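Visitor: Let the hints inform the model, and build the full structure from the sequences given.
As given, the protein sequences belong to chains A and B, one line each in that order. For what it's worth, our numbering labels the leading residue of the first sequence as 1, then goes sequentially. For what it's worth, our numbering labels the leading residue of the second sequence as 1, then goes sequentially.
The hints are simulated quantities; they were obtained by calculation from the structure and are not laboratory data. These figures come from a predicted structure and were not determined experimentally. Certain hints may be false.
Since copy identity is lost for identical chains, a pair holds within one copy or between any two.
To be verified - Cross-link-like lysine-lysine pairs, in silico, DSSO-like; alpha carbons within 30 Å at most:
no., residue 1, residue 2
1, K94, K108
2, K108, K91
3, K244, K108
4, K244, K82
5, K152, K181
6, K94, K181
7, K94, K2
8, K298, K2
9, K244, K83
Number of protein chains: 2
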Amino acid sequence: MKLTILGFNSAIPTVRSHPTSQLLVTRNRHFLIDCGEGTQVQLRKAQAKFSKIDHIFISHLHGDHVFGLIGLISSFNLLGRKKAMNIYGPKGIKELIETQLRLTESHKSYSLNFIELTSTQSELIYEDEKVMIYTIPLYHRIYTNGFLFKEKTRLRRLNMEVIEQYPEIQICDYQNLKMGKDFVSEEGKVIKNENLTLPPKHSYSYAYCSDTMFNMNVVPIIEGTDVLYHESTFLGDLEDLAYKTGHSTSLQAATIAKNAHVKNLILGHFSNRYTELSVFRDEACSVFPNTWLPEELKTFDFKDICNILE
Amino acid sequence: MKLTILGFNSAIPTVRSHPTSQLLVTRNRHFLIDCGEGTQVQLRKAQAKFSKIDHIFISHLHGDHVFGLIGLISSFNLLGRKKAMNIYGPKGIKELIETQLRLTESHKSYSLNFIELTSTQSELIYEDEKVMIYTIPLYHRIYTNGFLFKEKTRLRRLNMEVIEQYPEIQICDYQNLKMGKDFVSEEGKVIKNENLTLPPKHSYSYAYCSDTMFNMNVVPIIEGTDVLYHESTFLGDLEDLAYKTGHSTSLQAATIAKNAHVKNLILGHFSNRYTELSVFRDEACSVFPNTWLPEELKTFDFKDICNILE
Numbered sequence: 001m002k003l004t005i006l007g008f009n010s011a012i013p014t015v016r017s018h019p020t021s022q023l024l025v026t027r028n029r030h031f032l033i034d035c036g037e038g039t040q041v042q043l044r045k046a047q048a049k050f051s052k053i054d055h056i057f058i059s060h061l062h063g064d065h066v067f068g069l070i071g072l073i074s075s076f077n078l079l080g081r082k083k084a085m086n087i088y089g090p091k092g093i094k095e096l097i098e099t100q101l102r103l104t105e106s107h108k109s110y111s112l113n114f115i116e117l118t119s120t121q122s123e124l125i126y127e128d129e130k131v132m133i134y135t136i137p138l139y140h141r142i143y144t145n146g147f148l149f150k151e152k153t154r155l156r157r158l159n160m161e162v163i164e165q166y167p168e169i170q171i172c173d174y175q176n177l178k179m180g181k182d183f184v185s186e187e188g189k190v191i192k193n194e195n196l197t198l199p200p201k202h203s204y205s206y207a208y209c210s211d212t213m214f215n216m217n218v219v220p221i222i223e224g225t226d227v228l229y230h231e232s233t234f235l236g237d238l239e240d241l242a243y244k245t246g247h248s249t250s251l252q253a254a255t256i257a258k259n260a261h262v263k264n265l266i267l268g269h270f271s272n273r274y275t276e277l278s279v280f281r282d283e284a285c286s287v288f289p290n291t292w293l294p295e296e297l298k299t300f301d302f303k304d305i306c307n308i309l310e
Numbered sequence: 001m002k003l004t005i006l007g008f009n010s011a012i013p014t015v016r017s018h019p020t021s022q023l024l025v026t027r028n029r030h031f032l033i034d035c036g037e038g039t040q041v042q043l044r045k046a047q048a049k050f051s052k053i054d055h056i057f058i059s060h061l062h063g064d065h066v067f068g069l070i071g072l073i074s075s076f077n078l079l080g081r082k083k084a085m086n087i088y089g090p091k092g093i094k095e096l097i098e099t100q101l102r103l104t105e106s107h108k109s110y111s112l113n114f115i116e117l118t119s120t121q122s123e124l125i126y127e128d129e130k131v132m133i134y135t136i137p138l139y140h141r142i143y144t145n146g147f148l149f150k151e152k153t154r155l156r157r158l159n160m161e162v163i164e165q166y167p168e169i170q171i172c173d174y175q176n177l178k179m180g181k182d183f184v185s186e187e188g189k190v191i192k193n194e195n196l197t198l199p200p201k202h203s204y205s206y207a208y209c210s211d212t213m214f215n216m217n218v219v220p221i222i223e224g225t226d227v228l229y230h231e232s233t234f235l236g237d238l239e240d241l242a243y244k245t246g247h248s249t250s251l252q253a254a255t256i257a258k259n260a261h262v263k264n265l266i267l268g269h270f271s272n273r274y275t276e277l278s279v280f281r282d283e284a285c286s287v288f289p290n291t292w293l294p295e296e297l298k299t300f301d302f303k304d305i306c307n308i309l310e
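Guide: Here is the structure:
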């Protein structure tokens, strides 16, 4: 699982920083999370595999999270895309995009499927054989969801050194072994699965929480995830302003991370009033040490930041 | 009159090029022309005086000319703008913007005045004491206007060397002299205006024509302008494709420039299929020598390219 930060600024785009957008790549699936103005160019700069994106997740309909979506959709059209695109976002996102397509007289080469969200409870919104995605209800000035991406448990790994000692085990038996079944020979001899296989590789998880005020309700939903991105628009001294504007401080982000026993915290969505960002990390580290600062076009490889040997 | 090219690419934004947008500054008025995605950041890069823009002109509702408008409008709001903003564009632009403002729950700190255009004849859409702006009906796949910006004739300049020889001429007389009136002393002595003043400075004009197929109907409207920007999406060998897509070739742009007796031609809106742009200039120069290529963030000072001594 790898996360590329395309932009992490709040509110107004500047020459140096782009509004929020992230690309999560896991098990050969490419998920785009939020899409501020300029995201399509950031994807190019990141040398992302544009055409592999089939699912876009929009947390809420504030401009710094969605104004780049119509441009991306239009460029996919001009590039001759044929595959359907799935867009998950708050109720209203369909009207937002379709009004623009109608008025700009855009004739699409591919279909758009809108999955409009209205629930205030966490719900499963995507599932395939390898990945599940849930909403994380957030607490902002407008209806907002975070998203929880979870790899399903992987198959067990074949212990070839042992398996090769049993000539009766054929290649066609491997899939059953990976799925945890014992080996039973034609003569009825049983070899326990745990003697033939190793535990599966780690299944990663990622929780995306932006924008939101501090709310402990998210803790049970994101319990134990490998990486949590949590907005921290302000430093701790502006907790009142954070509450008023529906945002969090770095201390609050760290408190969520600590209580949810996540392994890593990435901060972001900093207010433009701050020029030096290391203070956000310093403040959060006082509560939760494994805190990272985002960088534009930086890719976090979860294997590395979780110190998992594969 | 100065024109800053913010972007001149057609269709899809790339890492190196932005879609169409230009900033025209004349007589201390700042006019924004078209507003593709990323325009607000280009304005920052150009160190433009953001807050001085009170009038935005949108030629047509294709994304590469308008997708940056909602972001710019939102940023003006976040920056606390109070002055009204006037937006000139095809019928539909009001719905395009207002739908987005409603769905993103944006509460504006300033008012937006939409001047929706429907005429297929050139019309005066803006006038103040120094500048007039007319539409230039264009011929594209969707309703499109170019824009003609004309400075009004300036005041005559005082010839101070002569005036100082007449002690009876007071400072309070200067305005009448600038307006071309003769000086009449209290005793009834008349001094001819032409003896006291010099001709006014040159009044500049700029014609913006994008996007359009080749059509000689624009020629009488833009006759004699100092600078013409005319799209040239393709080179001359793709004239058929240009016709089919509602665009022009560089030869056609130059033909318009020549027939309209403009002083300078700037090309732009090149198809992404071309990497080397000097061929556009070479081709156009064979018909119309005073042809310029655009460069991102380049400012054309009309005084310089028109060789006018002030």
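Visitor: Please go over all the hints and tell whether each is borne out by the structure.
Guide: Quick rundown of the hints versus the structure:
no.	hint	verdict
1	K94 x K108	both (15 Å within a copy, 23 Å between copies)
2	K108 x K91	both (22 Å within a copy, 22 Å between copies)
3	K244 x K108	between (41 Å within a copy, 18 Å between copies)
4	K244 x K82	between (44 Å within a copy, 23 Å between copies)
5	K152 x K181	within (18 Å within a copy, 87 Å between copies)
6	K94 x K181	neither (46 Å within a copy, 64 Å between copies)
7	K94 x K2	within (29 Å within a copy, 41 Å between copies)
8	K298 x K2	within (10 Å within a copy, 39 Å between copies)
9	K244 x K83	between (42 Å within a copy, 26 Å between copies)
In summary, the structure is inconsistent with hint 6 from the numbered list given earlier, while agreeing with all the others.
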